[in-house]
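I would like the entire structure built from these sequences, with the hints used as guidance.
Protein chains: 2
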Amino acid sequence: MNSITTLFNIKYPIIQGGMIWCSGWKLASGVSNAGGLGLIGTGSMYPEVAEEHIKKCKAATDKPFGVNIPLLYPQTDEIVSIVIKEGVKIVFTSAGNPAKYTSLLKENGITVVHVVANKKFALKAVDAGVDAIVAEGFEAGGHNGLEETTTMVLIPMIRKVTNIPLIAAGGIGSGQAIFAAIALGADGVQIGSRFAASAESSAHQNFQNAIVQADDGDTLLTLKQVIPVRLIKNEFLQQVQQLEKSGATKEDLIKLLGRGRAKKGMFEGNTAEGELEIGQVSSMIDTIEPVDKIMNILISEFNEASDHLNGLKL
Amino acid sequence: MNSITTLFNIKYPIIQGGMIWCSGWKLASGVSNAGGLGLIGTGSMYPEVAEEHIKKCKAATDKPFGVNIPLLYPQTDEIVSIVIKEGVKIVFTSAGNPAKYTSLLKENGITVVHVVANKKFALKAVDAGVDAIVAEGFEAGGHNGLEETTTMVLIPMIRKVTNIPLIAAGGIGSGQAIFAAIALGADGVQIGSRFAASAESSAHQNFQNAIVQADDGDTLLTLKQVIPVRLIKNEFLQQVQQLEKSGATKEDLIKLLGRGRAKKGMFEGNTAEGELEIGQVSSMIDTIEPVDKIMNILISEFNEASDHLNGLKL
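Protein chains in written order, with the numbering used here: chain A, 267 to 580; chain B, 267 to 580.
A hint or two may mislead.
When the alpha-carbon atoms are kept at most 16 Å apart in a straight line, the in silico EDC-like pairs for lysine to aspartate or glutamate are as follows [said to hold, decoys possible]:
hint	chain 1	residue 1	chain 2	residue 2
1	B	579	A	570
2	B	386	A	567
3	A	386	B	481
4	A	511	B	517
5	A	426	B	552
6	A	516	B	510
7	B	579	A	567
8	B	511	A	393
9	A	579	B	352
10	B	579	A	573
11	B	426	A	481
12	A	511	B	510
13	B	324	B	352
14	B	426	A	552
15	B	511	A	518
Keep in mind the hints are simulated off the structure, nothing from the lab.
Structure below.
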């Protein structure tokens, strides 16, 4: 038991990251049923779809689960209303100003966590009154910070300036990495890629195959002029790089990006032309497993690491 | 005692990275006298200067020390000859093909370590017969890999494919981070930035002040078209970025870089126009301390982390 398991009333301080096109009710309830905290990722959902996933998740687990709400979409107000109406108890907000919804959510009895990628926003989130922070390093998949600060540096840096419950994200796909994150000052971890590559993920089979095939150096933090995002290198990413090399403006890149690139890649399985959001740790993901098996592996690895380092002194 | 302390016959598995314009005989002998392994960084030295530093280091310590030789300079053959002639027992090679000098060095009874930033070169180094590997993550200062793989991902990835003694580098400036690196699968660590900011470092006072002032997001891996290098953001770096945004070629960038940029910044103290090579962990370096104090702090922090996580199970 620590500050994270207590805060969420869960068995293990392992949170499944809310991921667009991957984490619907099946994945979230699966992780929660296995003793972690599952999150429904609403970033890729219309409000009525989000509502359906929340209802189905409630039916599929009696354990705590949460909802991730990226604050960069126009329908955020509506999603927040649904979350309150449906009695969701835990909300992770990301990609926006933590001051905007934290009070409203907390007035409705919701535990609020905000995802940050730098020290400045960590302190902003603390000021906004959140209950915990996810600090996500450069190696993480999907949207990320321009500071490019890695998990190894980000976690101790934030731990140094605040005592708030701290969840490390980015580069964590094994129990050894969970143990390392806690040594760095985190109280728990958020894992994305490993669960994107699970049987309960909504990711398209082609995208999951691309995750399994991804090796060292096969992802890149790109589109920094628009909004930095880590993707698997594919034809679309080559087009982005060519455009950037020719001195492209932000507008040129937004035009190339167009609409629905992430859906095309991650949900529809067009691995050449779509955006494939995944973390560097995909280089170590070799199989698609059910969530309960992944959780068992993580816990065994953590306990082995603990035994291995037990009593180690310099 | 572990594979790293045994290999080098040192007390603590802490290696001071060989850094241009920072790590002469004073720093190297200081770290070795404090129970770590000090390295003379010959990347910024003419052969006769390197010889002088080796002689002075031998006079200043009876503990093991080593020499770092980046394999990208024309005088490499000469430096290798001096190292052999002077009876140096430990050589770290970097920035080049590990197959080129490993046999010659080992035939002369030298323990050889090669620095890598990706899995491919780690396996190449093993094939070349090195005694250990330094795996350096994206967050490290100075030259780095195009894969941008962070320490959190790089260490377990390399540990998975080889049992060779493994030294983690990049983002490590505290005892907690050393403990985390060992949890990830490393046997020891190489620390650069923290020692660049020591009293025994040859870094110019202005450069050291810039390290102390550097905060989150103040460094960047840049010049990727030429050779990726992590620098503190300054006027020179702004010029590089402007040139890159305008669609610059590799040749344009080499021309801007010119000669002696690193010396100008790190040794002569021109923090506006020079290259200032330092890691992301500079964001957590607040003081310039003597090496023996830094070593004591690292060891205390490591032991505290060990106590804190002792017997922790999920």
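Checked hints:
Between residue 579/B and residue 570/A, the direct Cα distance comes to roughly 9 Å. Compliance with the 16 Å bound is thereby established for this hinted pair. For the proposed pair residue 386/B and residue 567/A, the alpha carbon gap of about 25 Å is over 16 Å, so the pair is violated. With a C-alpha separation of about 10 Å, the suggested pairing of residue 386/A with residue 481/B holds against the 16 Å cut-off. For the given pair, residue 511/A sits about 14 Å from residue 517/B by alpha-carbon distance, which is consistent with the 16 Å threshold.
This hinted pair checks out: residue 426/A and residue 552/B have alpha carbons roughly 12 Å apart, not beyond 16 Å. Using a Cα cut-off of 16 Å, the hinted pair residue 516/A and residue 510/B holds, with the two alpha carbons roughly 14 Å apart. Restraint check: the Cα-Cα separation between residue 579/B and residue 567/A comes to about 10 Å, which is no more than 16 Å; the hinted pair holds. Proposed proximity of residue 511/B and residue 393/A is contradicted: the alpha carbons are some 36 Å apart, above 16 Å.
Of the pairs offered as hints, the one joining residue 579/A and residue 352/B is violated, with about 35 Å between alpha carbons and a cut-off of 16 Å exceeded. With a CA separation close to 9 Å, the supplied pair residue 579/B and residue 573/A stays within the 16 Å bound. Between residue 426/B and residue 481/A the alpha-carbon distance is near 13 Å, which keeps this suggested pair within the 16 Å criterion. This hinted pair checks out: residue 511/A and residue 510/B have alpha carbons roughly 8 Å apart, not beyond 16 Å.
For the suggested pair residue 324/B and residue 352/B, the alpha carbons sit about 9 Å apart, so the restraint of at most 16 Å is met. Distance check on the hinted pair: residue 426/B and residue 552/A sit about 12 Å apart at the alpha-carbon level, within 16 Å; holds. As the CA atoms of residue 511/B and residue 518/A are separated by approximately 13 Å, the hinted pair is consistent with the 16 Å bound.
Hint compliance for this structure: hints 2, 8, 9 are not met, and every other hint is.
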